[in-house]
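Residue numbers (our numbering), protein chains in the order written: chain A, 1 to 371; chain B, 1 to 206; chain C, 1 to 270.
Source of the hints: derived by calculation from the structure; they are not laboratory data.
Treat the hints with caution; some may be incorrect.
[Stated by the list, open to error] Label-pair restraints from in silico Cβ distances: (1) A:33 x C:97: 39 to 47 Å; (2) A:309 x B:72: 35 to 43 Å; (3) A:81 x B:200: 51 to 59 Å; (4) C:105 x A:29: 55 to 63 Å; (5) A:35 x C:98: 32 to 40 Å; (6) A:81 x C:100: 28 to 36 Å; (7) A:352 x C:67: 22 to 30 Å; (8) C:67 x A:78: 42 to 50 Å; (9) C:81 x A:31: 32 to 40 Å; (10) A:334 x B:136: 29 to 37 Å; (11) C:242 x B:193: 51 to 59 Å; (12) A:46 x B:136: 28 to 36 Å.
[Stated by the list, open to error] In silico PhoX-like pairs for lysine-lysine, Cα to Cα no more than 20 Å straight-line: (13) A:265 x B:44; (14) C:256 x B:44; (15) A:47 x A:89; (16) C:256 x A:47.
[Claimed, not checked] Just a sample of chain A residues kept apart from chain C, beta carbon distances all over 10 Å, derived: (17) 28; (18) 33; (19) 39; (20) 41; (21) 43; (22) 188; (23) 196; (24) 201; (25) 219; (26) 230; (27) 280; (28) 296; (29) 306; (30) 328.
Glycine included, every Cβ here is placed at the ideal spot set by N, Cα and C.
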Amino acid sequence: MKNLIAALLGVAVLGGCATTDVEPMKSGGDVRGLTEAEQRVWAEADKSDAAMQNAGMTYENAAVTKYLQEVMDRLHPEFRGTIKVRVAKDPQLNAFALPNGSIYFNLGLLARLDNEAELATVLAHEGAHFILKHGFRQRNNVKNSAAASLFVGDTLAMSSISGYSRDLEREADLVGYRRLTKVGYDTRESVKVFRHLAREAEALGDKGDFFYSSHPKLEERIEVYEDLNKSKKPGGSVGKQEYVRQIGPLRLACLESDLSMDRYKSVMLALGDKARLADYPPQARFYLAEAYLRRGDKGDEQHAFDAYHAALKAAPGFAPTYRALGIHHMKKKDYSRAEAYFARYLQLAPNAPDRDYVKNYRTLAKHGGSK
Amino acid sequence: MMQRPGIRSTAVAALLALTLAGCVAPPWQLTDKGGYTAENAAFKVSLPTGWMWAKYLNAGYYVPRAERGQWLAVDRVTLTRDGFGLEDIDLVRFDLKDAFPHLQKPFAGNMLPSEAADLLIADLKKAGLESLTVLGNEPATIAGKPGFKLHVAYKNGRGLSTERLMYGFGHKSGFYVLSYEAPGLYYFPTYKNAFLGVLNSFRLKG
Amino acid sequence: MTIRHVLWYPFLAIFLAGCAQPLPQYRVHHSFIESPQTRAPRKVLVLPVDVVIKEVTAGGVAEEVPDWSRKGSANVLAALTKQLRSGGTNRAKLQLLDTPKLPEADTKAIQQHLALYRRVAATVFSVTYGERAWPQKIYRFDYTLGNGLKSVAGRTGADSAILLMGEDSVSTAGRKLAALFLDSVSYGHSYLTAAIVNLNTGDILWFNYAYQYKSADLREPDDAAKLVAQLFEEYPGVEQYKAGSERYKDLIERYKADGEESRDPGVARK
Numbered sequence: 001m002k003n004l005i006a007a008l009l010g011v012a013v014l015g016g017c018a019t020t021d022v023e024p025m026k027s028g029g030d031v032r033g034l035t036e037a038e039q040r041v042w043a044e045a046d047k048s049d050a051a052m053q054n055a056g057m058t059y060e061n062a063a064v065t066k067y068l069q070e071v072m073d074r075l076h077p078e079f080r081g082t083i084k085v086r087v088a089k090d091p092q093l094n095a096f097a098l099p100n101g102s103i104y105f106n107l108g109l110l111a112r113l114d115n116e117a118e119l120a121t122v123l124a125h126e127g128a129h130f131i132l133k134h135g136f137r138q139r140n141n142v143k144n145s146a147a148a149s150l151f152v153g154d155t156l157a158m159s160s161i162s163g164y165s166r167d168l169e170r171e172a173d174l175v176g177y178r179r180l181t182k183v184g185y186d187t188r189e190s191v192k193v194f195r196h197l198a199r200e201a202e203a204l205g206d207k208g209d210f211f212y213s214s215h216p217k218l219e220e221r222i223e224v225y226e227d228l229n230k231s232k233k234p235g236g237s238v239g240k241q242e243y244v245r246q247i248g249p250l251r252l253a254c255l256e257s258d259l260s261m262d263r264y265k266s267v268m269l270a271l272g273d274k275a276r277l278a279d280y281p282p283q284a285r286f287y288l289a290e291a292y293l294r295r296g297d298k299g300d301e302q303h304a305f306d307a308y309h310a311a312l313k314a315a316p317g318f319a320p321t322y323r324a325l326g327i328h329h330m331k332k333k334d335y336s337r338a339e340a341y342f343a344r345y346l347q348l349a350p351n352a353p354d355r356d357y358v359k360n361y362r363t364l365a366k367h368g369g370s371k
Numbered sequence: 001m002m003q004r005p006g007i008r009s010t011a012v013a014a015l016l017a018l019t020l021a022g023c024v025a026p027p028w029q030l031t032d033k034g035g036y037t038a039e040n041a042a043f044k045v046s047l048p049t050g051w052m053w054a055k056y057l058n059a060g061y062y063v064p065r066a067e068r069g070q071w072l073a074v075d076r077v078t079l080t081r082d083g084f085g086l087e088d089i090d091l092v093r094f095d096l097k098d099a100f101p102h103l104q105k106p107f108a109g110n111m112l113p114s115e116a117a118d119l120l121i122a123d124l125k126k127a128g129l130e131s132l133t134v135l136g137n138e139p140a141t142i143a144g145k146p147g148f149k150l151h152v153a154y155k156n157g158r159g160l161s162t163e164r165l166m167y168g169f170g171h172k173s174g175f176y177v178l179s180y181e182a183p184g185l186y187y188f189p190t191y192k193n194a195f196l197g198v199l200n201s202f203r204l205k206g
Numbered sequence: 001m002t003i004r005h006v007l008w009y010p011f012l013a014i015f016l017a018g019c020a021q022p023l024p025q026y027r028v029h030h031s032f033i034e035s036p037q038t039r040a041p042r043k044v045l046v047l048p049v050d051v052v053i054k055e056v057t058a059g060g061v062a063e064e065v066p067d068w069s070r071k072g073s074a075n076v077l078a079a080l081t082k083q084l085r086s087g088g089t090n091r092a093k094l095q096l097l098d099t100p101k102l103p104e105a106d107t108k109a110i111q112q113h114l115a116l117y118r119r120v121a122a123t124v125f126s127v128t129y130g131e132r133a134w135p136q137k138i139y140r141f142d143y144t145l146g147n148g149l150k151s152v153a154g155r156t157g158a159d160s161a162i163l164l165m166g167e168d169s170v171s172t173a174g175r176k177l178a179a180l181f182l183d184s185v186s187y188g189h190s191y192l193t194a195a196i197v198n199l200n201t202g203d204i205l206w207f208n209y210a211y212q213y214k215s216a217d218l219r220e221p222d223d224a225a226k227l228v229a230q231l232f233e234e235y236p237g238v239e240q241y242k243a244g245s246e247r248y249k250d251l252i253e254r255y256k257a258d259g260e261e262s263r264d265p266g267v268a269r270k
């Protein structure tokens, strides 16, 4: 009898539940025809935008934002003015789309990609999430699953939330791929995006569900793109030079941000490869040295020392390297060398925010390590 | 993206819940008269008048972790005037091995003050303040020991700015962080001198 | 602190109210008690009302409905305006001023102070309500937003501002049905807080909350009017608060050195 009541109650409660049949958008004008339920989700997304802004989580760089927006507008021209791209001050390799057309591209992912074709892969994919109203469909699924969990228990409800998202990601991959080919990007570059993510996941000890647990495994996604590429002629625009020109300076900001969060593994992954290191500004060698020091494994002190000297050679005007070498020598009790490096740092960066620390260290070094 | 709750609100909320359940009575002490001092095994400080000292947080420091949170054994004095959301003076001695609890990194013997400050910034970011801004980071002397002064700010989703001023140093007895946090609007500047009075009175024992 | 936190504490206070304290539910600033004539608010503005109305599904998923929130905020504002201007019910003798269009700097300052107010209100709940409320903060209520809104006072001629903030949750039909049969599912609630703030000093002169479980819907003008009336029913009530808070002067002793609350209970550990 109890089961019958539960079953009847389940039907009654779920009977009014939200549908998952939604019409994708065809152009920016379609936002005027959103249903009431869709408008609610849109309004929540607007609040998220405001919260991101209020909390200072967006990376304000007009030139970079303009570049990303231009690539997005080429991919989804009928949504120009509706899909808005912003850079998020987050060193993690991720990008996400809100249901109101706001696309957030993390600094970390931007710094890690190699060329414009890879950038376009991510933008096309995130734009597809918006056009296909995935945010709204996901919300419906959460509501239905939460209601179902009253009657069937939480495990089933949770797995249905995860499973549904997997399908949405596949849908966005396919729609995004079509946009890439239409605009003329070389889709063989697309696979590299997931390879970057997979390497990061492995380096950070992640089990493979990198974005969030609902994403399909990265290997599966690589297979999807490779399958799609089989029926396509090779060729298309890669846009490496333009990408490096636009994003280059931002890469140092990202390395700085990674180290400020002790994400030394990410720094080492980004710079550990000689070919990749060559794509970064010369000062990047300093950050590699810092990452070795943070890791502190056997032999890392020497690796750091070597990297600092490589940084000195490649970027002799970059002040932080001198500070770091000063500290290195002071800890080795080589005070005269330490003092010389600190003096050079203060010469190159007399207004550095940490100049008072370095002045103290220089005084300490002058007096042979004691006050 | 939501900011993760701070350690303070998680611990206080948990303890309030336990209080209501009648399990734990968190004691507070009102510093009703001038010249009141707080003392533990590691240090001694003078407390400002009219503040509430949270005695139930004397020896524990909660660190949320992915699988299971952890209580670290510390020496601690933590106080507020109006409630922790408005002023929070927190003086903590960590064991050297627990100096940067969210990074799970120790204070190394030869660590310089600037290096300790950099790791503290990383620790704060790992604790959930990823978008904090560093307003100041400079050397400082605390109870005669060389250390650092770090001033940071962060905002919530409604744009309310909170400022935190931290003085820290490493010593054979532990890693000390003496901090003051309050909303930037009105509260931080108004009660900063109360914190500086506590800081200036701070003395190590032994 | 989020609106979730602001919501939790008064529900807590109500739950504990079985102790039947003589202290009124509202709070009065000590300066208002000391100088009830000179410190009384006279000319007031109403700052942007912030009522959030959510629809809650059977499974507990809460989603704000922007139209409902706009309607709820408008209903609360209309109810307050009517009650203040009707004369008959205006025991408070508050003169409601229209808010003119303010320069951007003032608008920004108001937004920042509203964000601060949320934090202060949450603290007021956690510290001055419930069985373990701090007696010194009840006896001498002195919460403030600081004097950052002085320019608004100068520009408008108002000496005070009313801040209204609240939340309402409306259950879907499915949730209401589930609530009939399942203990784990609750109905909606309506909750409103009000503060009267001196614009020159930022002092929260008067603070109160109103709460209804299940029976109010702020989308309905009559329900909004009832809740607003409940909120200001005892305003200003300075003498009653003074009398009710007197016994807290003695309770302060419990927290002083060697007092009952101050004795070392050991360490709270997980």
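Query - Cβ separation of residue 81 of chain A and residue 200 of chain B, checked against the hinted range 51 to 59 Å - result: The hint (51 to 59 Å, Cβ to Cβ) holds, given that residue 81 of chain A and residue 200 of chain B are roughly 57 Å apart.
Query raised in the report: residue 242 of chain C and residue 193 of chain B, beta-carbon distance inside 51 to 59 Å?
Result: For residue 193 of chain B against residue 242 of chain C, whose Cβ atoms are near 31 Å apart, the range 51 to 59 Å is violated.
Query raised in the report: Is 22 to 30 Å a correct range for the gap between the Cβ atoms of residue 352 of chain A and residue 67 of chain C?
Result: Distance hint for residue 352 of chain A, residue 67 of chain C is violated at roughly 53 Å.
Query raised in the report: If you check the beta carbons of residue 46 of chain A and residue 136 of chain B, does the distance land in 28 to 36 Å?
Result: Since the Cβ atoms of residue 46 of chain A and residue 136 of chain B sit about 35 Å apart, the hinted range of 28 to 36 Å holds.
Query - Consistency of beta-carbon spacing, residue 31 of chain A to residue 81 of chain C, with hint 32 to 40 Å - result: Once the Cβ atoms are compared, 34 Å apart, the range 32 to 40 Å for residue 31 of chain A and residue 81 of chain C holds.
Requested in this report: Just double-check residue 219 of chain A for me: nearest Cβ-Cβ distance to chain C has to come out over 10 Å.
Outcome: Since the minimum Cβ distance to chain C is about 33 Å, residue 219 of chain A lies beyond 10 Å and the statement holds.
Report task. Grab the minimum beta-carbon distance between residue 328 of chain A and chain C and tell me whether it stays above 10 Å. Result -> 41 Å, holds
Query raised in the report: Looking at residue 28 of chain A again, its CB stays over 10 Å from all of chain C?
Result: 20 Å, holds
Query raised in the report: Taking C-beta pairs only, is residue 280 of chain A more than 10 Å away from all of chain C?
Result: 40 Å, holds
Query raised in the report: Any Cβ of chain C at or closer than 10 Å to residue 188 of chain A, or is the non-interface label fine?
Result: Non-interface label on residue 188 of chain A holds, nearest chain C Cβ at 42 Å vs cutoff 10 Å.
**Report entry** Non-interface claim for residue 33 of chain A, where every Cβ of chain C lies beyond 10 Å
**Finding:** Non-interface label on residue 33 of chain A holds, nearest chain C Cβ at 16 Å vs cutoff 10 Å.
Query raised in the report: Is residue 256 of chain C within 20 Å of residue 44 of chain B, Cα to Cα?
Result: It holds: about 19 Å lies between the C-alpha atoms, which stays within 20 Å.
Hint violations for this structure: numbers 4, 7, 8, 11, 13, 16, 19, 20 and 21, all remaining hints satisfied.
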